[in-house]
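Undergrad: Sequence:
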Amino acid sequence: MKSVILKGELRDLEKENLNAKRKEGIIPAVLYGQSKENKNVWINGLEFGKVFQEAGENTVVTLEIAGGEKENVIIYDYQMDSLSGRVTHIDLLRVNMKEEVETKIPLVFVGEAPAVKENGGTLVKSLDDVAVKCLPGNMPHDFTIDLSKLVTFEDRITVGDLAVPADVEVLDNLETIIASVSAPRSEEELSELNEKVEEDVSKVAGVKEKATDEEKVEEKK
Numbered sequence: 002m003k004s005v006i007l008k009g010e011l012r013d014l015e016k017e018n019l020n021a022k023r024k025e026g027i028i029p030a031v032l033y034g035q036s037k038e039n040k041n042v043w044i045n046g047l048e049f050g051k052v053f054q055e056a057g058e059n060t061v062v063t064l065e066i067a068g069g070e071k072e073n074v075i076i077y078d079y080q081m082d083s084l085s086g087r088v089t090h091i092d093l094l095r096v097n098m099k100e101e102v103e104t105k106i107p108l109v110f111v112g113e114a115p116a117v118k119e120n121g122g123t124l125v126k127s128l129d130d131v132a133v134k135c136l137p138g139n140m141p142h143d144f145t146i147d148l149s150k151l152v153t154f155e156d157r158i159t160v161g162d163l164a165v166p167a168d169v170e171v172l173d174n175l176e177t178i179i180a181s182v183s184a185p186r187s188e189e190e191l192s193e194l195n196e197k198v199e200e201d202v203s204k205v206a207g208v209k210e211k212a213t214d215e216e217k218v219e220e221k222k
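Each number in the numbering used here comes from the position in the sequence shown (counting from 1) with 1 added on.
Possibly wrong hints are sitting among the right ones.
Stated by the list, open to error - Taking lysine-lysine pairs in the BS3-like style, the calculated list, with each CA pair at most 27 Å apart, reads:
{"#": "1", "residue 1": "Lys22", "residue 2": "Lys40"}
{"#": "2", "residue 1": "Lys51", "residue 2": "Lys24"}
{"#": "3", "residue 1": "Lys8", "residue 2": "Lys40"}
{"#": "4", "residue 1": "Lys126", "residue 2": "Lys71"}
{"#": "5", "residue 1": "Lys99", "residue 2": "Lys126"}
{"#": "6", "residue 1": "Lys118", "residue 2": "Lys150"}
{"#": "7", "residue 1": "Lys8", "residue 2": "Lys51"}
{"#": "8", "residue 1": "Lys51", "residue 2": "Lys71"}
{"#": "9", "residue 1": "Lys99", "residue 2": "Lys134"}
{"#": "10", "residue 1": "Lys118", "residue 2": "Lys8"}
No lab work stands behind these hints, which were simulated from the structure alone.
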């Protein structure tokens, strides 16, 4: 497996100007975990963007700190500025390559469901990720869901249909539905729905009318 490398430099919290660094495109980060000392580091924003695109939050990354130190980490979390969209802080979690970890792997949906395109159905996505347990080095980046397999309204894609490596244990129920297509409503169903809406509107109008009459009686008193 190709190693993903992220370079960083140790921070001097007393001397360095945080805002000035951020303007230069340098992001503050904290490294923690495995009962070791927390470390504050700087990460180049452009490099982080490239690494995150490749690794995401599941793939193990080799953090190379200037001076020769290396750590196996995952990008555990990050914060973004809501206005600029820039990353403002990164959390890097140390991992032991010999200890299994539990995490959630994102699902990537590709293709188009014939049951939607040709039969007018509605795609229903029930899951966005799947929980797994494995060694950090075996952690999948994502699972691809091919929607072209949904040909009829009876077709389902379940957790058990995923192409999962032998060294990865899926923690979710294998029968859990990931994606399906619901049939379009018939004219009879739409008519019943419209009648129900009109009935509800009438009830609300009746309540308002009754309340108005009661208010008038109170005013006369």
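Undergrad: Could you check the structure against the hints above and give me the numbers of any it violates, in ascending order?
TA: Checked against the structure, the hints that fail are numbers 4, 5, 10, while the rest are satisfied.
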